[in-house]
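Visitor: Top line first, the protein sequences correspond to chains H and C.
Each residue of the first sequence is one higher than the one before, counting from 102 in our numbering.
Each residue of the second sequence is one higher than the one before, counting from 846 in our numbering.
Just so you know, the hints here were simulated from the structure itself, not pulled from any lab data.
Don't take each hint at face value.
To be verified - Straight-line C-alpha distance at most 27 Å; calculated DSS-like pairs for lysine-lysine:
#1 H:334 <-> C:886
#2 C:904 <-> C:1046
#3 C:901 <-> C:886
#4 C:886 <-> H:411
#5 C:904 <-> C:886
#6 H:411 <-> H:334
#7 H:409 <-> H:472
#8 C:1046 <-> C:886
#9 H:472 <-> C:886
#10 H:334 <-> H:517
#11 H:439 <-> H:517
#12 C:886 <-> H:409
What the hints assert, rightly or not - To give an idea of the interface, some chain H residues facing chain C are shown, with a C-beta separation under 10 Å as derived from the structure:
#13 280
#14 325
#15 338
#16 516
#17 519
#18 523
#19 527
#20 541
To be verified - In silico negatives: residues of chain C with every beta carbon more than 12 Å from chain H:
#21 861
#22 867
#23 872
#24 878
#25 927
#26 960
#27 978
Glycine is no exception: its CB is placed at the ideal position from the N, C-alpha and C atoms.
Chain by chain, the residues run as shown.
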Amino acid sequence: MTIIDTHVGASTHAQGTGSAFVASVGQWITSSDHKKIGRLFIGTSLLSALLAAVLGLLFGLERISPAHMQIFNGDATPQLFSLYQFALVFGVLAPLFVGIAIAVVPTQLGARAVAFPRVAQFGFWAWLFGALMVDISIIGNGGPGGGATDLVDLYLLGVALAAVGLLAGSLCVATSVLTARAPGMTLDRIPAFSWSALIGSFATLLSLPVMIGTIIYVYVDHTHAQLIFGGNKGIDSFLGWSLSQPMTFVFVIMALGVVAEVAPVTARTEQPLRPIVLAGLGIISTAVLGAVTQSAHVLDWAGTNSDKVKSTLLHSLFNGLPLLGMLIVVLVSLLCLKIGTPRVTASFALSLLGALMIIVGVLGNGLYNLKPASLDGTVFSEGTVLYLVYGGLLSALGALSHWAPLLWGRAIDNTKLLGLALVGLLGTILASFPLYIAGFADQPANTVMGFDYDGPIALWNVLTGLGHALIVLTVIGFVGLLIDAVRNGESVSQEASA
Amino acid sequence: MTIALPAAPAQAPRRQILVATAMVSASAFMLIIGMIAMWLKFRAGAPTRDSSDGLKIIKDWMPANVTIPEVAANIMLTTFPFGALMAQWAAYSAKRDDAPHRSLALAISFLIGLAIVNAQVAVYSQMDIGLADGQFQTMFYAITGTMLLLVVGAMVFSLVAFFRSVGGRDNDTDVVNAHALYWYFLTAAFSVVWFVVYVQK
Chain H
102 MTIIDTHVGA STHAQGTGSA FVASVGQWIT SSDHKKIGRL FIGTSLLSAL
152 LAAVLGLLFG LERISPAHMQ IFNGDATPQL FSLYQFALVF GVLAPLFVGI
202 AIAVVPTQLG ARAVAFPRVA QFGFWAWLFG ALMVDISIIG NGGPGGGATD
252 LVDLYLLGVA LAAVGLLAGS LCVATSVLTA RAPGMTLDRI PAFSWSALIG
302 SFATLLSLPV MIGTIIYVYV DHTHAQLIFG GNKGIDSFLG WSLSQPMTFV
352 FVIMALGVVA EVAPVTARTE QPLRPIVLAG LGIISTAVLG AVTQSAHVLD
402 WAGTNSDKVK STLLHSLFNG LPLLGMLIVV LVSLLCLKIG TPRVTASFAL
452 SLLGALMIIV GVLGNGLYNL KPASLDGTVF SEGTVLYLVY GGLLSALGAL
502 SHWAPLLWGR AIDNTKLLGL ALVGLLGTIL ASFPLYIAGF ADQPANTVMG
552 FDYDGPIALW NVLTGLGHAL IVLTVIGFVG LLIDAVRNGE SVSQEASA
Chain C
846 MTIALPAAPA QAPRRQILVA TAMVSASAFM LIIGMIAMWL KFRAGAPTRD
896 SSDGLKIIKD WMPANVTIPE VAANIMLTTF PFGALMAQWA AYSAKRDDAP
946 HRSLALAISF LIGLAIVNAQ VAVYSQMDIG LADGQFQTMF YAITGTMLLL
996 VVGAMVFSLV AFFRSVGGRD NDTDVVNAHA LYWYFLTAAF SVVWFVVYVQ
1046 K
């Protein structure tokens, strides 16, 4: 018989403080409670966000004047950039929303637990150990371009294991939505966030295996032959697509679901165009097409008219459709504010601002893929990833504040959180937008050397570093507010935000 | 002391294992299709050269001294549908509460899995190529090895379903149906691998 502990505050009656602590840790490690698993995902993703933002800050500082700063060893820079990108996409963006979905979706469906809680638990540990393996391999001179062959293998295994963990989490979420709904709750009646979790999980389940297939090839080649995929140096050219656009679009689907969910609550009304919101969320999932083809589909305005039409169509399909879906979701969500009686809530502010930042990122990606703009290989792509990841982070913080009563039994201070939302917005814009400008000035991506950073370029990198620092502040501030709410806040109904 | 009402009974899940297996199958299919796409890309990009007599263009993909044992590969292709058939027989028997036939069918599907593994090993030993011998060889082992792992997964599934069946789980139709679905997926996936890797090479 499988025992599933579902109570948030379930505790053991261990004797003494020490054994109580050990018992508590043991309970967290082995828990099959979906809220605990979700919170484990969320907590470690926020830690990863700190790591990524600190790395971003250091890169920003280094780029001001590489010759004088010399924070990083020149040889290690490409590996650290790989770690930075991995931390942003597979350390923050993807697991954060998988964690929120595991914690929240069952309660929205009226289910007692997530489907296959042990698989969800396995998913968390697989993802965590995969991420740790990636960290260890980079520290030990592994990773793309690394010199230690065994640790390069460890890097590949780590990325694959982290992906397997995310797949396991997504499988549990999607199965829950499809099979564990309360009687009478048909698919068209499920909350918008659960719908986005279903769509996002499906998209993940269809796209990440393609990455794992690539890793299998690269790993087998790297361990035995090193004939095909360029050895250590070639890893990024075959796996880099999984850490950039349009793969990242797949992971932000749930961020748009958060806006669609929170907007009607904020406006104290029902969403009048609910089917359109659900359709909009579905349209975003077309990003899967771009992800699995591992291609950015560049608009090259050259050649015959037929070539131009073909390239425009592909560019519109792979970049425009996800953008269209996002615009539909945000605009229809805003419609609620017009017809309802809205109040100012931090959760809505965070989720809306996050969604808007994501849209700027998607627009930027469309621009990046215009060949006449000549942005290929510049830091413009880095700016796009940051808009998407930090936008997703803001949305996730909005979701966490919205569902804090459900997850922790406490509400987070709205006023302080509103201030934090502004800091987060400023941090996202400062971290990302200067890289857009620097991209037009041909600053190369994923490196700090070989470029003249004098003049305005140094300023853009200072601003980027400042943006990362503000993101660190935002995450620490959010965790602080949450701890304060849990320790000193008044208990609120868990059902209030379900 | 807080007095709370006991929790409500758990909702009866609706074909949870079947739905999850369908999604796992879809994921695994994407894995195989993605690997096939890489195979095709590398095959298309393999360098070409003129033959010594200048009459033909030779593509340096599969070395001339490598022969794929088509008999073993074709037997594998025809064995997969039998595995699916046995799995479907188990599902049919489970629906009719026919425990002996259900267990028998599951045991046979496990043995069919074993036969497929045997055939794959025969392919490897007859080809006698090294993993690091070249581009074709490395990619051949990677894709067929992945397929082999998926077959081993099916064998584990068959074994678990078999032991549940002989253990008296008479209302286990969800697991048996999911098992059949996985075998259908394997048949489809191997058909693609067979055509691209073993026939087109």
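Visitor: Measuring from the C-beta of residue 325 of chain H to each C-beta in chain C, is the shortest one below 10 Å?
Guide: holds, 4 Å
Visitor: Given the hint that residue 334 of chain H pairs with residue 517 of chain H, does the C-alpha gap stay at or below 27 Å?
Guide: violated, 47 Å
Visitor: So is residue 878 of chain C really clear of chain H, every C-beta pair being over 12 Å apart?
Guide: violated, 8 Å
Visitor: Compare the distance between the alpha carbons of residue 439 of chain H and residue 517 of chain H with 27 Å, and conclude whether the hinted pair is satisfied.
Guide: Within the cut-off at roughly 26 Å; holds.
Visitor: Sort out whether residue 886 of chain C lies within 27 Å of residue 334 of chain H, counting only the CA atoms.
Guide: holds, 20 Å
Visitor: Given the hinted pair residue 904 of chain C and residue 886 of chain C, is their alpha-carbon gap at most 27 Å?
Guide: Since the Cα atoms of residue 904 of chain C and residue 886 of chain C sit roughly 13 Å apart, the hinted pair holds (cutoff 27 Å).
Visitor: Are the Cα positions of residue 904 of chain C and residue 1046 of chain C separated by 27 Å at most?
Guide: holds, 12 Å
Visitor: Do the numbers back the hint for residue 527 of chain H, that is, is its least Cβ distance to chain C under 10 Å?
Guide: Hint violated; residue 527 of chain H Cβ to chain C Cβ min 39 Å, cut 10 Å.
Visitor: Beyond 12 Å from every chain H Cβ: check whether that's true for residue 927 of chain C.
Guide: holds, 27 Å
Visitor: With the threshold set at 27 Å, check whether the alpha-carbon distance from residue 886 of chain C to residue 411 of chain H stays at or below it.
Guide: holds, 21 Å
Visitor: Tell me if residue 516 of chain H is really an interface residue toward chain C, meaning its C-beta lies closer than 10 Å to one of theirs.
Guide: At 31 Å from the nearest chain C Cβ, residue 516 of chain H fails the 10 Å test, so the hint is violated.
Visitor: Are the Cα positions of residue 411 of chain H and residue 334 of chain H separated by 27 Å at most?
Guide: Given that 27 Å is the threshold and the Cα spacing comes to 33 Å, the pair is violated.
In the structure shown, a violation is registered for the earlier hints numbered 6, 10, 15, 16, 17, 18, 19, 20, 21, 22, 23, 24 and 27, in ascending order.
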